[in-house]
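Please take these sequences and the hints and turn them into a complete structure.
If you use the working numbering, the sequence shown closes out at 299, no skipped numbers anywhere.
Source of the hints: derived by calculation from the structure; they are not laboratory data.
Treat the hints with care, as some may be off.
Unchecked claim - Below are the EDC-like pairs computed for lysine to aspartate or glutamate, each with C-alpha atoms no more than 16 Å apart in a straight line:
1) 85 x 206
2) 24 x 258
3) 85 x 260
4) 24 x 196
5) 85 x 167
6) 24 x 206
7) 198 x 29
8) 61 x 167
Stated by the list, open to error - If you anchor each label on the Cβ, the simulated ranges turn out as follows:
9) 138 x 50: 46 to 54 Å
10) 114 x 139: 13 to 21 Å
11) 167 x 187: 23 to 31 Å
12) 53 x 201: 50 to 58 Å
13) 139 x 50: 47 to 55 Å
14) 115 x 186: 33 to 41 Å
15) 135 x 169: 40 to 48 Å
16) 61 x 188: 24 to 32 Å
17) 258 x 167: 25 to 33 Å
Positions of the beta carbon are idealized from the N, C-alpha and C atoms, including for glycine.
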Amino acid sequence: MPNVKLNNYLHLHFIVFIWGFTAVLGKLITIDALPLVWYRMLMASLIILAYILIRKFKLKVSRKTLLMLILGGIVVSLHWVTFFMAIKVSNVSIALATMSTGAFFTALLEPFWYGRKMVGYEVVFGLIVMLGLYIMFRVETGYLNGILLALVSSLLSATFSLINGKLTQEQRPSIISFYELGSGVLFLSIYLAFSHSFDQKFFQLSFNDWLYIFILASVCTAYAFIASVKILKYISPYTVMLTINLEPVYGIILAFLLLGESEKMNPLFYVGALLILTTVVANGILKNRKKLKKKTNRVPSH
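Here it is as structure tokens:
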């Protein structure tokens, strides 16, 4: 059993490494963010549909659930579009460092979403995150648009996680993913159709772009999503959450190794990014301790 847990933990790090590589692929793909996301979501939804059909899962969902799934699909499509736009107008390091605020946005939105009181330490952590962002803004003023786009993307990511937090209690992750990716493709298709973007040029991609988009859709989206859900059978959600926080670290290192000097930032930028990342991890640790304390208090005395 310990070997099984170790293997799954190593597998989890591999998945987080893959997610970190997503941003590098976004920089390597030459087409704009919107068509990039459209191709990614279309390919990934078809791959996950094939998986659903092979496993013989039922696709039927209630009308209320379908509406939530459509909302989730629209939110995640906008999240990815703004994320890749941030990479295109700045670089991978800027986008990933700013995106590490996502877990903290979730902590700030949770009280409103689930109707609970704001916790004192979350307000303190919010001020530290703002300090980290301020340092990043100050030292990398040339990447202002990239930071702002990544912040919007981060907020959308937090909203998406809250929507899925309720959906995962009722539906299989593969079903959720299929409907969300499918509705995201439909949403973007409507926009692209009305803006007359479906022209000949839209479908003329280089071989490298086709290859990178396929890797992005199959390995970084469909495979990583399904595999990460399976890992939850052996590793606690808390451990998974903390490990996922390493995504910007892996991504920034990969970007520096593969993309070179364009990813080199002012040392103070990394101080700001580290402040944000440390805050997110500390928030996760305190939340986990609080949950454990609640469970301990529920145990009847003998």
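Practice task
Tell me, in ascending order, the numbers of any earlier hints that this structure violates.
Solution key: 4, 5, 10, 12, 17
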